[in-house]
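Let chain A serve as the given structure and place chain B on it in line with the hints.
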Amino acid sequence: MIEQIDLNQVNWARAQFALTAGYHWIFVPLTLGLAFLCAFFESIYVRTGNPEWKRLTQFWMKLFAVNFAIGIATGIILEFQFGTNWSNYSWIVGDIFGAPLAIEGIFAFFIEATFFAVMFFGWDRVSKRMHLFSTWMVAIGAHLSAVWILIANAWMQYPIGMRFNPDSARFEMQDLWAVISSPVAMSHFAHSSASGLLLASLFVVAVSSYYLLRGRNQLFARRSIAVAAVLGLFSSVFVAYTGDEHAFITVRTQPMKMAAMESLYEGKTPTGLIALGMVNPNKLPGDEQDPFLFKVEIPGMLSLLAHRQFGGFVPGIDDLLRGNEKQGIVGLDSMMQRGKIAVTGLDRYKKAKKADDAPAAAAALVDFEAHQDYLGYGHLEKVEDAVPPVALTFYAFRLMVGLGMSFIGLFLLYLWYLGKETLEQKTWLLRLGVLAVFGGYVAQQCGWIVTEVGRQPWAIQGLLPVTVARSNLDSGTVATTFFLFLILFTVLLISGVRIMLKQIAIGPEEVK
Amino acid sequence: MMQRIMRFYLDGFRGMVLGRTLWLVILLKLLVMFAVLKPFFFTNVLKTNYETDAERADYIINTLTRPPAGD
Chain A
1 MIEQIDLNQV
11 NWARAQFALT
21 AGYHWIFVPL
31 TLGLAFLCAF
41 FESIYVRTGN
51 PEWKRLTQFW
61 MKLFAVNFAI
71 GIATGIILEF
81 QFGTNWSNYS
91 WIVGDIFGAP
101 LAIEGIFAFF
111 IEATFFAVMF
121 FGWDRVSKRM
131 HLFSTWMVAI
141 GAHLSAVWIL
151 IANAWMQYPI
161 GMRFNPDSAR
171 FEMQDLWAVI
181 SSPVAMSHFA
191 HSSASGLLLA
201 SLFVVAVSSY
211 YLLRGRNQLF
221 ARRSIAVAAV
231 LGLFSSVFVA
241 YTGDEHAFIT
251 VRTQPMKMAA
261 MESLYEGKTP
271 TGLIALGMVN
281 PNKLPGDEQD
291 PFLFKVEIPG
301 MLSLLAHRQF
311 GGFVPGIDDL
321 LRGNEKQGIV
331 GLDSMMQRGK
341 IAVTGLDRYK
351 KAKKADDAPA
361 AAAALVDFEA
371 HQDYLGYGHL
381 EKVEDAVPPV
391 ALTFYAFRLM
401 VGLGMSFIGL
411 FLLYLWYLGK
421 ETLEQKTWLL
431 RLGVLAVFGG
441 YVAQQCGWIV
451 TEVGRQPWAI
461 QGLLPVTVAR
471 SNLDSGTVAT
481 TFFLFLILFT
491 VLLISGVRIM
501 LKQIAIGPEE
511 VK
Chain B
1 MMQRIMRFYL
11 DGFRGMVLGR
21 TLWLVILLKL
31 LVMFAVLKPF
41 FFTNVLKTNY
51 ETDAERADYI
61 INTLTRPPAG
71 D
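Residue numbers (the working numbering), protein chains in the order written: chain A, 1 to 512; chain B, 1 to 71.
Only chain B is shown next, with the shape it has when bound in the complex:
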């Protein structure tokens, strides 16, 4: 059964024409997103700046209890 499924996918991918271009676009896009954008530009700020959940919760509570600038 597994072999039939594998063969199904292999034959399908081999038979692609337009699909090859589309897959190239998809793979390039994913590469840029996950290998460039995510690690270098989109770090999780709270995970980076604080080590424990307790510290993160503390920071958030401080933010939520900060009065508006006009007060």
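Here chain A stands alone, though its shape is the one from the complex:
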């Protein structure tokens, strides 16, 4: 019997994952970045022996602890959802996905947890060097956690190093090194890690600017800003560099995502970059409408970014759906046909195995294996199903890049006026600095929106659409847990923000 896919349930499951991942990502980048900032602050203390730097380090560590405590275990909720809302996905990719998550838990978490205790309890119990080493190990441990999660996510975007076992209906790891060293994984990690340091720098600048506006803890604030602004400038430039690298890889591994990021329907040579624009909400693939209501285009720039040379062809949505013979692009129609052969081959294999018909099973397996790379396309109903939400991807990308670029300017201004010793008089800049941290959080969320919305409809790129990945649950069940999480995480966030604001209001005075 053919089951009807309950799109309502799929969308609730997506919404729930997006909600919980979004909340999780509020806390994680600050943990990653602030851990390194604390390590830098403490390094200065150990080098100079100045107890004021110790006081400074201890204050930022306190805020790090608040963020860490509120954020801890918010990621586990995502794992709960794999088994409940995405059980098909969980079964099919468990061998691949489970390995990085297990390594993350066993290896990285224990490093973090062990040295975390020394970092907080050991100020007067261990030597300065041992304590500094522990602080660095907490920062490194946090990043070791992040790398494995990002390797797992990167595999979903660019699945490699595995083969599908038609008997167990699972992907089996064939090459762990291929999964770890995937170019998507490496650029993903570099970009996310740097963005964490960027956010933490914005956070330190924001709190310190608040103190300067209030005329309190001025030396503390200037010292904090001096370090944070330098690291913030470095990380914001590195974020731009790694973002460009990640986009370069995305053109090759997920061309539909890139096309959606640019609301590019018809590729051409050279292709311009849309710096600003408003997408046409009525535009559909294949129609004659202009994709934009208005746009500001930089001629040839997308070709340059995508191919590191002017004149490169960047495929649009229509090229990818209909194919482009001149550019050697196979259309979705053809991929869907191959996918259907893979699906049929798998079905014939299953039936032949049940009937104990070895020759028929062998023949079916040959067909399946010849077309298995297109398995996911066999589940699409029409070519347009392969197009992600264009407007959301387009705007989120622009917001992220715009904010990211503005942070470079912000840190430069801070360093300029700090150098001229007139920072305290620039109240406009200090107010901007306080607000900028919110822009940092927005940019963080936009990055994940681009990454995850841009790859729809795929749970695993090209192999498993979300409509097949999801569990067969009633949509009411998923909706109920969505609202449960909404309430739980909102309460958690509010309590976390209150504790954080209280500690900021108290300030470093009370730290011994």
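No lab work stands behind these hints: they were computed from the structure.
As the structure is a computational prediction, the values presented were derived from the model and not from experiment.
Among the hints, erroneous ones may be present.
Taking lysine-lysine and the DSS-like style, the derived pairs with C-alpha atoms no more than 25 Å apart in a straight line are [said to hold, decoys possible]:
no.	chain 1	residue 1	chain 2	residue 2
1	A	Lys326	A	Lys382
2	A	Lys382	A	Lys340
3	A	Lys353	A	Lys340
4	B	Lys47	A	Lys354
5	A	Lys283	A	Lys295
6	A	Lys353	B	Lys38
Quick look at chain B alone, frame taken from chain A:
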């Protein structure tokens, strides 16, 4: 050595001020997640509905070989 480590942790926990509040938040959060959400709302669907791995694999293969609704 073990005693020194235990003493280290005990003294550390005893000396906490803000840490007590944070630990309370952590423990409450873990309690809600593992004692309420996980057992009542987040059961593993395949483990609940099927008894053996063979049955689960069979279900997944049936799902993967189901044609799209438009066919």
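Subject >> Unsatisfied constraints (hint numbers, rising) >> reply: 6
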